[in-house]
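Start from the sequences, fold in the hints, and give me the full structure.
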Amino acid sequence: MLEIKNLHARIAEDETEILRGIDLTIKAGEVHAIMGPNGSGKSTLSYILAGKEDYEVTEGEILFNGENMLDMEPDERAAAGMFLAFQYPIEIPGVATMEFLKTAMNAQRKARGEDALTIPDFMKRVKEQAAHLNVSMDMLKRPLNVGFSGGEKKRAEILQMSLLEPKLCVLDETDSGLDIDALRVVSDGVNKLRGPDRAMVVITHYQRLLDHIVPDVVHVLSKGKIVKTGDKDLALELEKNGYADFVNAA
Amino acid sequence: MNVTAPIAHTQGESDLIARFDAARDNLAGTVSIGALRSAALEQIKAKGLPHRRVEEYKYSDLRAFLKSAAPLAATAERAATEAALAAADTFGDLERYKLVIANGSLVADLSDISALEADGVSVTDFVEALGSGNGSALLANPMTAPNDGLLALNTAFVQGGVVLSVKAGSQVSKPVEIVHVAASEGAQTTRCRVEVGEGANLRLLETFVGETGSGEINAVFDYQVADNATLATTRLMIGEASAPRLFTSIAHIGAEALFKSLGFIAGPEFTRNQQFVHFQGENSEAKVYGVGMARGKGLADQTLIVDHAVTHCNSREFFKTVLDDQARGVYQGRINVAQHAQKTDGEMMTQALLLSEEAEMANKPELEIFADDVLCAHGATSGQIDEDLLFYLRARGIPEAEARTLLVLAFLSEAIEEYDEEDVTEGLETRVRDWLAQRS
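From first to last, the protein sequence lines stand for chains A and B.
Sequence positions in the first sequence follow the working numbering and run 4 to 253.
Sequence positions in the second sequence follow the working numbering and run 60 to 499.
Read the hints as simulated data drawn from the structure, not as lab findings.
Be aware that one or more of the hints could be misleading.
Only pairs whose alpha carbons sit at most 35 Å apart, straight line, appear in this in silico DSBU-like list of lysine-lysine [to be verified]:
1) LYS113(A) - LYS156(A)
2) LYS346(B) - LYS156(A)
3) LYS144(A) - LYS233(B)
4) LYS127(A) - LYS231(A)
5) LYS55(A) - LYS346(B)
6) LYS319(B) - LYS144(A)
7) LYS105(A) - LYS423(B)
8) LYS233(B) - LYS356(B)
9) LYS346(B) - LYS105(A)
10) LYS346(B) - LYS144(A)
11) LYS356(B) - LYS157(B)
12) LYS127(A) - LYS170(A)
13) LYS157(B) - LYS319(B)
14) LYS105(A) - LYS233(B)
Non-contacting residues of chain A with respect to chain B, defined by C-beta distances greater than 12 Å in every case (computed) [claimed, not checked]:
15) GLU59
16) ARG80
17) ALA134
18) ASP200
In this text, a Cβ means the ideal position worked out from N, Cα and C, and glycines have one as well.
Right under this line is the structure:
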């Protein structure tokens, strides 16, 4: 589903090199965890996948279901099935959450040549998914993410993900700022979306999230490169010994 | 003795002087009204049109803009009036009364005068009122702008309008739309007086439709809000126009009263929406909102003076300006608090959203406070669309143009929602969308 080949990237503004040759292949149905210390390039990778313009790819390529992802606009990537759950979901005053959800869902449907959802169909989907994620109707009436607590923002991200039904879900530190209960709700939401046609990339500092969302593959990212790949036990090892060994190795 | 050297008139000013000479015998009013008109024209003759060296017009130089002035619009033809009305869609299906002013004059038989009478509102042709004993009071200027140039132009040329008087205690069941129709090209100069009696409640809509060609619109609204009364007034001026669009509101607010207004002006090349609000009774509230949108080389000027002359009054001013291309926006707002106007609570905010690198905004919020026990605040911002917000929306599959539109709507919605007249403002979203869809 996703093939990243020798990806080099830097910050467009000051040309600081962040990614220094990433190779990563993810097949449909797989869940990959990317772990690594602060500043290793985890969030940068997620932004580049989503198409943020602050970064410049200097070498390498990304194929998403065979298509050159770097040629696609952020909204085209989303319509093709890419979803980034933001580490810091942005507050957008004046845009009602419901209206936003409807606009996003219908924009993607339109891009794929599908009919717009009817209002009852839309409402039914929202209510169903919101109930799973403990998202209240009151929250949905408010402007997007405005005044939401940290946990509410993360649940709202997973709600968007559930409604948009992406093929590739990239979760950027979805566990940050969550207490144990919220972590469980969010993880359950994510696990519900696991399936043979969908791939996931779970970016996290801590092994804790991976107790709930159990990965098939774990990668360690350090200084812009993947320095180690293993199964879920690698995460446990990291939790015990820290990143020091890998950071030094890189 | 003051001796002022005569100024050299611009073509626009010469045209206005010639227009006055041609029209003066046909302009409405008694001898004393005629004298007021002549004095107003003399002011223009002596000082010229308002220009950049007049502080209040520093950023909106009408003298430089008005290269020529068209004659006053002739009496409207019936068929053309009806056609222009039919072509205009101001407030959609909203249930409302209508009063039609065509080419500056009230058209009684197209107006819901008897229905309004039954709902507690008396309607008088402004021309008739001018001819009455205290006609000259109808042309009074606000205390905070006694020599304003736009008002002088209005007084000199006012063709007609309407006097609305809401009886004490009347809760007018539907909004009243005063629709100004250009049935043919030419300048239109109108004045409307709106008296809301004690304890009465009125929702007013002020709209402008049809093409005036090179003729300017100069419209003055004079509101008298009595004790315990409420007036909510919405002004809508949307569409391209090459001639100036000049609007003045004068509000006098009694005790325990509420005055709310929203001016929504998008498109013309030169617009000025100036408002003068005076508190005359205690414990009253004024909420003044404005939206200005300009593109090309257009100008959107929103100017406001709120005069807190008595104690215990609140005012909220919230203005939004959206500018594209090389357009310019102006916000000049001042809150005056008199020395004895203790416990005043005033808050003013102006925000501009610049859609292009070359657009320009002049924000000038001012507080002039002589009392010592007041709460007053002002703020001003100018900015561009936040790229992070844009990226978030695009990352969810919303194409760039639509994402930008959503963010402009969100920016404007703060002022529109606070105005809190949802049935009146619900159509505005479509108008903003249409305006943005025409971006080059």
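Structure-based check of each hint:
1. LYS113(A) - LYS156(A): holds (27 Å)
2. LYS346(B) - LYS156(A): holds (33 Å)
3. LYS144(A) - LYS233(B): Status holds; Cα separation ~29 Å.
4. LYS127(A) - LYS231(A): Violated, because 44 Å separates the two Cα atoms, which is more than 35 Å.
5. LYS55(A) - LYS346(B): violated (41 Å)
6. LYS319(B) - LYS144(A): holds (26 Å)
7. LYS105(A) - LYS423(B): Not satisfied, since the Cα-Cα distance of roughly 39 Å exceeds 35 Å.
8. LYS233(B) - LYS356(B): The hint is violated at about 38 Å.
9. LYS346(B) - LYS105(A): holds (33 Å)
10. LYS346(B) - LYS144(A): holds (25 Å)
11. LYS356(B) - LYS157(B): holds (34 Å)
12. LYS127(A) - LYS170(A): holds (22 Å)
13. LYS157(B) - LYS319(B): Holds, at roughly 20 Å.
14. LYS105(A) - LYS233(B): holds (33 Å)
15. GLU59: holds (15 Å)
16. ARG80: Answer for ARG80(A): violated, closest chain B Cβ roughly 8 Å.
17. ALA134: The assertion about ALA134(A) holds, with a minimum of 21 Å to chain B.
18. ASP200: holds (18 Å)
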